[in-house]
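As you go down the protein sequences, you meet chains A and B in turn.
All residue numbers for the first sequence refer to the working numbering, where the first residue is 1 and numbers rise by one.
All residue numbers for the second sequence refer to the working numbering, where the first residue is 403 and numbers rise by one.
Where hints are given, some of them may not hold.
[As the list claims (entries may be wrong)] So the derived label-pair ranges between C-beta atoms look like this:
no.	chain 1	residue 1	chain 2	residue 2	range
1	A	Arg376	B	Asp452	41 to 51 angstroms
2	B	Asn612	A	Pro262	58 to 68 angstroms
3	B	Ala650	A	Ala45	23 to 33 angstroms
4	A	His223	B	Asp693	27 to 37 angstroms
5	B	Pro619	A	Arg341	21 to 31 angstroms
6	A	Gln203	B	Lys631	33 to 43 angstroms
[Unchecked claim] Think about it this way: if two alpha-carbon atoms lie no more than 30 angstroms apart in a straight line, the pair counts; the simulated BS3-like pairs of lysine-lysine are:
no.	chain 1	residue 1	chain 2	residue 2
7	B	Lys499	B	Lys705
8	A	Lys241	B	Lys665
9	B	Lys570	A	Lys241
10	B	Lys705	B	Lys670
11	A	Lys241	B	Lys705
12	B	Lys499	B	Lys687
13	B	Lys670	B	Lys499
14	B	Lys655	B	Lys671
15	B	Lys705	B	Lys687
16	B	Lys687	B	Lys666
17	B	Lys499	A	Lys241
18	B	Lys533	B	Lys499
Honestly, the hints are just simulated from the structure, not real lab data.
Remember, it's a predicted structure, so these values are computed and weren't measured experimentally.
Backbone N, C-alpha and C fix where the C-beta goes; we use that ideal spot for every residue, glycine too.
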Amino acid sequence: MTPAAADQPFFLWTLFQQLRRRGFPLGPNDYETVRTALRVGFGLASRDDLRAVVIALWASSREEAAVVAALFDQHVSWDWEAGDPTVTASTGPEDHESADLDPSHSDEDLVSEITTGNDVDESLSTTPVGTLPTFDNVEVPPLPYEHVFLPQYPVDFRSVAQAWRRLRWPIRYGPATELDIDATVRRRCTDGVVSPPVLRPRQRNRANVLLLVDRHGSMTPFHSYVRHVCGAIRQVGRLHKVGVFYFHDTPLEGTDPSLLSPLSGELFPRLDAVLPDVPPLVDGILMQDEDLSVPIDAAEVFADYEERGALVVLSDGGAARGGYDPLRLLDTVAFLKGTRRWTNRTVWLNPLSPDAWTGSTAAETARHVPMFPMDRTGMYRAVDVLRGQPATIERPLTGLLP
Amino acid sequence: MPDTDLSQSYAVAIKNTLSGQPTAGVSAAEAPKDDPDKTGVPPEVYLPSDDLARVTDLALALGRPLLLQGEPGCGKTRLAHSVSHALAMPLEIAYVKSTSRAQDLLYTYDAVRRLFDSQLGAEGPKDDAGKPLARHARHYVSLGPLGRAIARAESGRRSVVLIDEIDKADLDFPNDLLWELDRMEFDVPEAPGMGHKAAQVRPFVIITHNEEKPLPPAFLRRCVFYYLKFPDSQREVERILAAHGIRADLSSKAASLISEIRKKDLNKKPGLAELIDWLLYQDAKGTSPDDLDALPDREAFLKDRADLDRVERDLAAT
Numbered sequence: 001m002t003p004a005a006a007d008q009p010f011f012l013w014t015l016f017q018q019l020r021r022r023g024f025p026l027g028p029n030d031y032e033t034v035r036t037a038l039r040v041g042f043g044l045a046s047r048d049d050l051r052a053v054v055i056a057l058w059a060s061s062r063e064e065a066a067v068v069a070a071l072f073d074q075h076v077s078w079d080w081e082a083g084d085p086t087v088t089a090s091t092g093p094e095d096h097e098s099a100d101l102d103p104s105h106s107d108e109d110l111v112s113e114i115t116t117g118n119d120v121d122e123s124l125s126t127t128p129v130g131t132l133p134t135f136d137n138v139e140v141p142p143l144p145y146e147h148v149f150l151p152q153y154p155v156d157f158r159s160v161a162q163a164w165r166r167l168r169w170p171i172r173y174g175p176a177t178e179l180d181i182d183a184t185v186r187r188r189c190t191d192g193v194v195s196p197p198v199l200r201p202r203q204r205n206r207a208n209v210l211l212l213v214d215r216h217g218s219m220t221p222f223h224s225y226v227r228h229v230c231g232a233i234r235q236v237g238r239l240h241k242v243g244v245f246y247f248h249d250t251p252l253e254g255t256d257p258s259l260l261s262p263l264s265g266e267l268f269p270r271l272d273a274v275l276p277d278v279p280p281l282v283d284g285i286l287m288q289d290e291d292l293s294v295p296i297d298a299a300e301v302f303a304d305y306e307e308r309g310a311l312v313v314l315s316d317g318g319a320a321r322g323g324y325d326p327l328r329l330l331d332t333v334a335f336l337k338g339t340r341r342w343t344n345r346t347v348w349l350n351p352l353s354p355d356a357w358t359g360s361t362a363a364e365t366a367r368h369v370p371m372f373p374m375d376r377t378g379m380y381r382a383v384d385v386l387r388g389q390p391a392t393i394e395r396p397l398t399g400l401l402p
Numbered sequence: 403m404p405d406t407d408l409s410q411s412y413a414v415a416i417k418n419t420l421s422g423q424p425t426a427g428v429s430a431a432e433a434p435k436d437d438p439d440k441t442g443v444p445p446e447v448y449l450p451s452d453d454l455a456r457v458t459d460l461a462l463a464l465g466r467p468l469l470l471q472g473e474p475g476c477g478k479t480r481l482a483h484s485v486s487h488a489l490a491m492p493l494e495i496a497y498v499k500s501t502s503r504a505q506d507l508l509y510t511y512d513a514v515r516r517l518f519d520s521q522l523g524a525e526g527p528k529d530d531a532g533k534p535l536a537r538h539a540r541h542y543v544s545l546g547p548l549g550r551a552i553a554r555a556e557s558g559r560r561s562v563v564l565i566d567e568i569d570k571a572d573l574d575f576p577n578d579l580l581w582e583l584d585r586m587e588f589d590v591p592e593a594p595g596m597g598h599k600a601a602q603v604r605p606f607v608i609i610t611h612n613e614e615k616p617l618p619p620a621f622l623r624r625c626v627f628y629y630l631k632f633p634d635s636q637r638e639v640e641r642i643l644a645a646h647g648i649r650a651d652l653s654s655k656a657a658s659l660i661s662e663i664r665k666k667d668l669n670k671k672p673g674l675a676e677l678i679d680w681l682l683y684q685d686a687k688g689t690s691p692d693d694l695d696a697l698p699d700r701e702a703f704l705k706d707r708a709d710l711d712r713v714e715r716d717l718a719a720t
């Protein structure tokens, strides 16, 4: 190793750090494995060979393989034929930026134009410029590597899965395959004669979850995050049945607005006075697809999840724009009342943090239904509520379950 | 962390096999005598890409499970057969079902039969010494595929274990296997002393995965990963077809047809296995390369109604 390379980290270490920063579950053991593989002679034949070894040992899916490959190209940029790799191993994109993207020589005209603009008169806030500055059609040299963009959500796949796996409703069902020792012994004792063994079905999780997702409008920025969370719950939540349906603003609509007339004197009316009069809303349509184009009868969906079902609403509840809409609140409360006919386990997950709810419809909704932010702790608390822990809310919609 | 073991190389062995040499070399010395019934893995027509052979060697050397992902019909399962034949290692197959439990791979304990036998008392089945079988639990324990492989490794012989379509099982399945795959040892709580522990050699585990469910990260960490792609060059497809004994003129025509078919926007792209079956049939029928353009018997590889319609429309248009 030459002195110049001595203060640069080993390229494998740089790559390892980069992957760890991107949430790859790699430990010292994995690092050691690659070194061991190199030591016994794997990955030394060519650059592609080395890359294949690193991918085989550090990636565990096709997507991860693409990320490792891209990062490998970015950080291992030496010439394979040149010999000692540590001499020219780069430490990261910073190097390239300074070398290849040096703007000084190409944009000199522009820079001078801006400086002359400042010189004219400092007392004037605006300076008339005759024409727009012209840009030379400068060829920017292509980067020698690809950028790797990975979405980083407030909650990673694994945490969502961990939170939702706690939602269990174990029930024995299916074919009887397990030996029930207690029952067999009991039967033997009571009958006193040789009797066949008693079998019972295996225990499985029968918890069902219905996810209702708000789409479009103020929820647009959160689409990919919500999709990430729903996907994680669906794939690794290990629940019996997970349904995802979509709506816009309020799950169901159509409550009579005249119910609000007694409150017309107030600027930000609370529903408490008319709460008992709000009729439960059960009829309406939900959407089966993200584009809100395939309708399905809501009653049909609810009937499907009636047994051991939990309801999760994923919506900002009006907090993203911060407005207060009594009509929206009325519809939401009527809908929540309606859902109590088939489940009393309902939570609301809000992609915005609680301090953003203040003063909006969401804050009012949170008085009637357990609402949690869609982060790690929020999701754990939401699952706790679905597991039956009491949640403290200001005006729960009680006593409506038949 | 097990020692790296470079004594076996699949890349070398498969080259010998393909070039017609007997599978001697690496494996003649240890040509198995201990359990002759396990040696008869039939020869497998299999042309691994250089990358795949290299990654297989890497997994073999590090003693880690090899996790294979890829489109259906690209030869994930066949690799295990090929490795087993090329290196003359016994093959143990575990086809995972939705009801599989991790323990089944190691051993099964037939409690129900033991109960029956014990209820018969002195009338029940007896062992060689004339004692009732039900006295000892070990008579009711039978080893599973991984269990047999570990037991064999204990006596110094390596085997290939294929865990096919691991994602079909419950999510607990891979998690329950972590310890056993890491340490290659297990115990039988029902019959103490029946456990096994791999000593010098470790069984070579190949796991196939269809991406139906993601696997737990803790499990993935311990594997060597490879994604099996559809062969990307026509030449390679031709070589594979030729290896399966398809006529040269037919296979060169078919290779270009296949790349065309796969370029179409199909719902379900045909896998290599289906295409080979289809071509073997055409070969046997004596179809001429020109007749292949009309894609006769295309139902063999198009399994979706919309795809069939689309291909028919395209054919009518040309």
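Outcome of the hint check:
1. A:Arg376 x B:Asp452: 41 to 51 angstroms: Roughly 44 angstroms apart at Cβ, these two residues keep to the hinted range, so it holds.
2. B:Asn612 x A:Pro262: 58 to 68 angstroms: At roughly 60 angstroms between Cβ atoms, proline 262 of chain A and asparagine 612 of chain B fall inside 58 to 68 angstroms, so the hint holds.
3. B:Ala650 x A:Ala45: 23 to 33 angstroms: holds, 32 angstroms
4. A:His223 x B:Asp693: 27 to 37 angstroms: Between histidine 223 of chain A and aspartate 693 of chain B, where Cβ atoms are some 51 angstroms apart, the hint is violated.
5. B:Pro619 x A:Arg341: 21 to 31 angstroms: Hint violated: Cβ distance 41 angstroms, outside 21 to 31 angstroms.
6. A:Gln203 x B:Lys631: 33 to 43 angstroms: This hint holds: roughly 41 angstroms between Cβ atoms.
7. B:Lys499 x B:Lys705: Satisfied, since the Cα-Cα distance of roughly 23 angstroms is no more than 30 angstroms.
8. A:Lys241 x B:Lys665: violated, 36 angstroms
9. B:Lys570 x A:Lys241: OK: lysine 570 of chain B and lysine 241 of chain A at ~16 angstroms, within 30 angstroms.
10. B:Lys705 x B:Lys670: Satisfied, since the Cα-Cα distance of roughly 7 angstroms is no more than 30 angstroms.
11. A:Lys241 x B:Lys705: Distance of about 28 angstroms is within 30 angstroms: holds.
12. B:Lys499 x B:Lys687: violated, 37 angstroms
13. B:Lys670 x B:Lys499: holds, 23 angstroms
14. B:Lys655 x B:Lys671: holds, 19 angstroms
15. B:Lys705 x B:Lys687: OK: lysine 705 of chain B and lysine 687 of chain B at ~22 angstroms, within 30 angstroms.
16. B:Lys687 x B:Lys666: Given that 30 angstroms is the threshold and the Cα spacing comes to 27 angstroms, the pair holds.
17. B:Lys499 x A:Lys241: Within the cut-off at roughly 19 angstroms; holds.
18. B:Lys533 x B:Lys499: violated, 37 angstroms
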